[in-house]
Amino acid sequence: MINEIYNELIKEKVFGKKLQNGLEVFFLPKKDYVKQYAIFAANYGSNDLAFKLKNEKEDIKVPEGIAHFLEHKLFEEPEGNAFDRFAQLGANVNAYTNFNITAYYFTCTDYFYDNLSALIHFVQSPYFTDENVEKEKGIIGQEIMMYRDNAEWRVFFNLLKAMYHQHPVKRDIAGTIDSVNSITKEDLYQCYNTFYHPSNMALFIAGDLEAKAVFNRVEEAFAQLKIPEADEVKLMYPQEPEDIKESHVEESMQVSIPLFHIGYKDRPLGRGGRELIQREAAVGLLIDIVFGRSSELYEELYEAGLIDQGFGVDYVCEKDYGHVIISGESKAPIAVKEIIDRKILQLQNEGLSRASFERIKRKQIGENLSYFNSIEFIGNSFITYHFKEINFLDYIKILSETSLEAVEDCMQSLLKADKQVISIINP
Amino acid sequence: MSKLHTEEIYEGIRLHTVKTDKFKTSLININIQRPLKAEEVTLNSLLPMVLQRGTSEYTTSKEISKKLEYLYGAVLRGNVKKKGELHIIEFSLRIADSSYIEDKSLWMSAVELLNSLINRPLLEDRGFKASYVRQEKSNLDNRIQGRLNDKMQYSLDRLIEEMCKEEGFKLYEHGRQEDLPGIDATNLYSHYLRVMQDSPIDIMVVGNMDHSAVREGILKGIDFKEGSRIAPSQSRLIAAPSKEKKVLEELEINQGKLSMGYRVDIPYSDPLYPAMILYANILGGGPHSKLFIKVREERSLCYYIFAKLEKFKSIMMIGSGIEADKYDIAVEVIGQQLEEMRKGNISKEEMTNAKKAVEASIKSIGDNALAIAEFYYSQVISNPFYEMNALLEKVNKVTVDDIVAVAEKVSLDTIYFLKGRE
Numbered sequence: 001m002i003n004e005i006y007n008e009l010i011k012e013k014v015f016g017k018k019l020q021n022g023l024e025v026f027f028l029p030k031k032d033y034v035k036q037y038a039i040f041a042a043n044y045g046s047n048d049l050a051f052k053l054k055n056e057k058e059d060i061k062v063p064e065g066i067a068h069f070l071e072h073k074l075f076e077e078p079e080g081n082a083f084d085r086f087a088q089l090g091a092n093v094n095a096y097t098n099f100n101i102t103a104y105y106f107t108c109t110d111y112f113y114d115n116l117s118a119l120i121h122f123v124q125s126p127y128f129t130d131e132n133v134e135k136e137k138g139i140i141g142q143e144i145m146m147y148r149d150n151a152e153w154r155v156f157f158n159l160l161k162a163m164y165h166q167h168p169v170k171r172d173i174a175g176t177i178d179s180v181n182s183i184t185k186e187d188l189y190q191c192y193n194t195f196y197h198p199s200n201m202a203l204f205i206a207g208d209l210e211a212k213a214v215f216n217r218v219e220e221a222f223a224q225l226k227i228p229e230a231d232e233v234k235l236m237y238p239q240e241p242e243d244i245k246e247s248h249v250e251e252s253m254q255v256s257i258p259l260f261h262i263g264y265k266d267r268p269l270g271r272g273g274r275e276l277i278q279r280e281a282a283v284g285l286l287i288d289i290v291f292g293r294s295s296e297l298y299e300e301l302y303e304a305g306l307i308d309q310g311f312g313v314d315y316v317c318e319k320d321y322g323h324v325i326i327s328g329e330s331k332a333p334i335a336v337k338e339i340i341d342r343k344i345l346q347l348q349n350e351g352l353s354r355a356s357f358e359r360i361k362r363k364q365i366g367e368n369l370s371y372f373n374s375i376e377f378i379g380n381s382f383i384t385y386h387f388k389e390i391n392f393l394d395y396i397k398i399l400s401e402t403s404l405e406a407v408e409d410c411m412q413s414l415l416k417a418d419k420q421v422i423s424i425i426n427p
Numbered sequence: 001m002s003k004l005h006t007e008e009i010y011e012g013i014r015l016h017t018v019k020t021d022k023f024k025t026s027l028i029n030i031n032i033q034r035p036l037k038a039e040e041v042t043l044n045s046l047l048p049m050v051l052q053r054g055t056s057e058y059t060t061s062k063e064i065s066k067k068l069e070y071l072y073g074a075v076l077r078g079n080v081k082k083k084g085e086l087h088i089i090e091f092s093l094r095i096a097d098s099s100y101i102e103d104k105s106l107w108m109s110a111v112e113l114l115n116s117l118i119n120r121p122l123l124e125d126r127g128f129k130a131s132y133v134r135q136e137k138s139n140l141d142n143r144i145q146g147r148l149n150d151k152m153q154y155s156l157d158r159l160i161e162e163m164c165k166e167e168g169f170k171l172y173e174h175g176r177q178e179d180l181p182g183i184d185a186t187n188l189y190s191h192y193l194r195v196m197q198d199s200p201i202d203i204m205v206v207g208n209m210d211h212s213a214v215r216e217g218i219l220k221g222i223d224f225k226e227g228s229r230i231a232p233s234q235s236r237l238i239a240a241p242s243k244e245k246k247v248l249e250e251l252e253i254n255q256g257k258l259s260m261g262y263r264v265d266i267p268y269s270d271p272l273y274p275a276m277i278l279y280a281n282i283l284g285g286g287p288h289s290k291l292f293i294k295v296r297e298e299r300s301l302c303y304y305i306f307a308k309l310e311k312f313k314s315i316m317m318i319g320s321g322i323e324a325d326k327y328d329i330a331v332e333v334i335g336q337q338l339e340e341m342r343k344g345n346i347s348k349e350e351m352t353n354a355k356k357a358v359e360a361s362i363k364s365i366g367d368n369a370l371a372i373a374e375f376y377y378s379q380v381i382s383n384p385f386y387e388m389n390a391l392l393e394k395v396n397k398v399t400v401d402d403i404v405a406v407a408e409k410v411s412l413d414t415i416y417f418l419k420g421r422e
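Protein chains in written order, with our numbering: chain A, 1 to 427; chain B, 1 to 422.
Treat the hints loosely; a few may be bogus.
DSS-like cross-link-like pairs, simulated, lysine-lysine; straight-line CA separation at most 30 angstroms [as the list claims (entries may be wrong)]:
id, chain 1, residue 1, chain 2, residue 2
1, B, Lys3, A, Lys31
2, A, Lys137, A, Lys52
3, A, Lys331, B, Lys419
4, A, Lys161, A, Lys212
5, A, Lys416, B, Lys62
6, A, Lys416, B, Lys82
7, A, Lys397, B, Lys363
8, B, Lys82, B, Lys19
9, A, Lys11, B, Lys170
10, B, Lys3, B, Lys245
11, A, Lys337, B, Lys62
12, A, Lys13, A, Lys161
13, A, Lys226, A, Lys52
14, B, Lys363, A, Lys212
15, A, Lys13, B, Lys104
16, A, Lys331, B, Lys3
By construction, these hints were calculated from the structure, which means they are not laboratory data.
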């Protein structure tokens, strides 16, 4: 059965259906859009390094970077390369791997259904050989080297490595040169078979298309594939202490001015759903009020010449980990940290102003609305929230219902001095 | 989406509107045309930074931000960009569409804020507020030095600097450090007055409003000064040297960044220009391209490689990240692909793939308001003007012979290589 959710505020609707093989499929109609878009994603990312299968005694541990390696290799096909097929159909295809998700997507302006079945087909048909696995090691090696020269990336990962003791979010998404070199064809098949079952995946489609046809064509594409029964898999994450590992890390690189990331480690909820999105919305408002462009803190730092327009803040809220990250460039990162510390203490004592709370809420409602201009942005967000058991269309409603009290609670529980880490890259 | 509607609302000031109800927001882009010259590049770059610091109504950035937040997260930004030998000062405003927000005065409030920002700066004595200018000079100084931080872009910028030594195009869009000491609140303000009076201005508006309504709002909300606005001249094309230049630079990095610059003797006005778009696409426009297949897939020499065109200069750049000791082989394999193009070794499939890719990217412009504004602005300042469909038609008519004719006019000018210190 196809169900339908309509959001009045943003005037968008999403159709959804769960297929027999367990795959959840979603479709968002976008009238008059020239482009069509589909994203097919596995609830599987670089964090998933240890798991247990139902019929195996031993836990299975896999090399760092394997989810990303798999993403590269799925494009390989016996008759060549999946890129070729999309090129013939005028589509732009690509993929990404992050900590939690591996996603394959395309945009096109013609032959949508041919592209769609090509997407489903190549993601559901692995073809790994010793030779093609070997060849990829050189390419991924260059990708790792590229990130090593990226100061933004380094300051970010140094922060995570200092914040977390055990959690795999501290590991590089692409792995290390050594871990990548150790990956075999067998490792890839094992992870593929474990995590790429349709019941562990989701498919989201957007464009000026007809709902019935979309769902019919998806089912037709799967009818041509042999899908085995899903294996029961239990993911194993190490026990992560609540405290941070180190509060201060520095490194040198050839940059013109120091880069900094200041993070606060959050206490994870341990589950997805409504509570998670409520927390995300409340913290989202909090950090905008405290660190945003109209905040006293931003003004003080900017007037003192300690930050520029690149200063920003972000919150990551997953089921099993979370953190706030404040980032920027500064000639004196420690001075930035001290001003932040002082201001947060002051706000924790005095509370937040209702006027700024209401204003920032208006701002974020307008921002959320603007996200719906881009079908790629919608799809990407929809899939990300879906795996956290949240419907992305609900976000704007939850946001408007968030209270100042909830935001202040987050300020007390999250912005704590003993959960703070600073990472600096010096010239 | 309606066709572009253009009207000269004052002498030298044109309003261009595209009406569409596809988007949740509407967009106003004000493009001020300046010549790209050493004398003013840094002044131009500093202007939007200082203007965003305060206006006579909203005296601090914080007050401006508060107003924008209150207007449902309107976004207002000023920036500069290079278009060949033009330096464009751009102010861009995005605001929620009134069919989603109950407040019907939203658009007009936003236009008034935009006007305040560009026409009513905060002044003291006979210039801008001195402390704002001082601070933004320091921010600009950091930004120019900060070029070094993104090695991929830095390597392409350095290529252009070396390759276009004798042309205005060599200038970094954010200006030169050495100009900063000579700039103060007074001379920057005089420059500002000149810019607002003498420069051709194009206002691009994309949103769910009729041209006449937009026109009325702009005429009512924005004060333009009278002046004689004369368009600066665009660039001439320059030939490559008979023997290519090679520049090597060392930094503390792990991966070498290879950038190769080519001159293509085909100006935008040349009927062969659409073939040049296809040429670059077949060579390095994505995973179906010769460079991707030969350099990455077959030889595992890199993770990324691309060829891209600089429309107003008819320059093509190839960029890739490689191991430093693979320099010779990478340059050789890249050279072979250009040779293949010259020989016309282009399969039917390569040709159709490239045409489809270019077609999809031109059509996709219509789904992004910023891209629509950017495409049309780029069109209205070039000659000839192509509507999207007209450009598409020309691209689709290109033959392999046309590509070979383009290839004959492509010559290597400079190789820039950034490598790690040993």
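To see whether the hints hold, each was checked on the structure:
For the given pair, Lys3 (chain B) sits about 18 angstroms from Lys31 (chain A) by alpha-carbon distance, which is consistent with the 30 angstroms threshold. Simply put, Lys137 (chain A) and Lys52 (chain A) have alpha-carbon atoms about 27 angstroms apart, close enough for the 30 angstroms limit, and the pair holds. Simply put, Lys331 (chain A) and Lys419 (chain B) have alpha-carbon atoms about 27 angstroms apart, close enough for the 30 angstroms limit, and the pair holds. For a cut-off of 30 angstroms, the pair hint linking Lys161 (chain A) to Lys212 (chain A) is broken: about 47 angstroms separates their Cα positions.
For a cut-off of 30 angstroms, the pair hint linking Lys416 (chain A) to Lys62 (chain B) stands: about 26 angstroms separates their Cα positions. Proximity of Lys416 (chain A) to Lys82 (chain B) is assessed by CA-CA distance (about 45 angstroms); at most 30 angstroms being required, the pair is judged violated. A hinted pair counts as satisfied when its Cα atoms are at most 30 angstroms apart, and Lys397 (chain A) with Lys363 (chain B) does not qualify at roughly 34 angstroms. Distance check on the hinted pair: Lys82 (chain B) and Lys19 (chain B) sit about 27 angstroms apart at the alpha-carbon level, within 30 angstroms; holds.
Taken as a hint, the Lys11 (chain A) and Lys170 (chain B) pair is broken in the structure, with Cα atoms around 47 angstroms apart against an allowance of 30 angstroms. Distance hint between Lys3 (chain B) and Lys245 (chain B) is unfulfilled; the C-alpha atoms sit about 45 angstroms from each other, more than 30 angstroms. As the CA atoms of Lys337 (chain A) and Lys62 (chain B) are separated by approximately 21 angstroms, the hinted pair is consistent with the 30 angstroms bound. A hinted pair counts as satisfied when its Cα atoms are at most 30 angstroms apart, and Lys13 (chain A) with Lys161 (chain A) does not qualify at roughly 41 angstroms.
Restraint check for Lys226 (chain A) and Lys52 (chain A): satisfied, since their Cα atoms lie roughly 24 angstroms apart, inside the 30 angstroms limit. With a C-alpha separation of about 26 angstroms, the suggested pair Lys363 (chain B) and Lys212 (chain A) falls inside the 30 angstroms cut-off, and the hint holds. Between Lys13 (chain A) and Lys104 (chain B) the CA atoms are separated by roughly 25 angstroms; this keeps the pair inside 30 angstroms, and the hint holds. Distance check on the hinted pair: Lys331 (chain A) and Lys3 (chain B) sit about 49 angstroms apart at the alpha-carbon level, beyond 30 angstroms; violated.
In summary, the structure is inconsistent with hints 4, 6, 7, 9, 10, 12 and 16 from the numbered list given earlier, while agreeing with the others.
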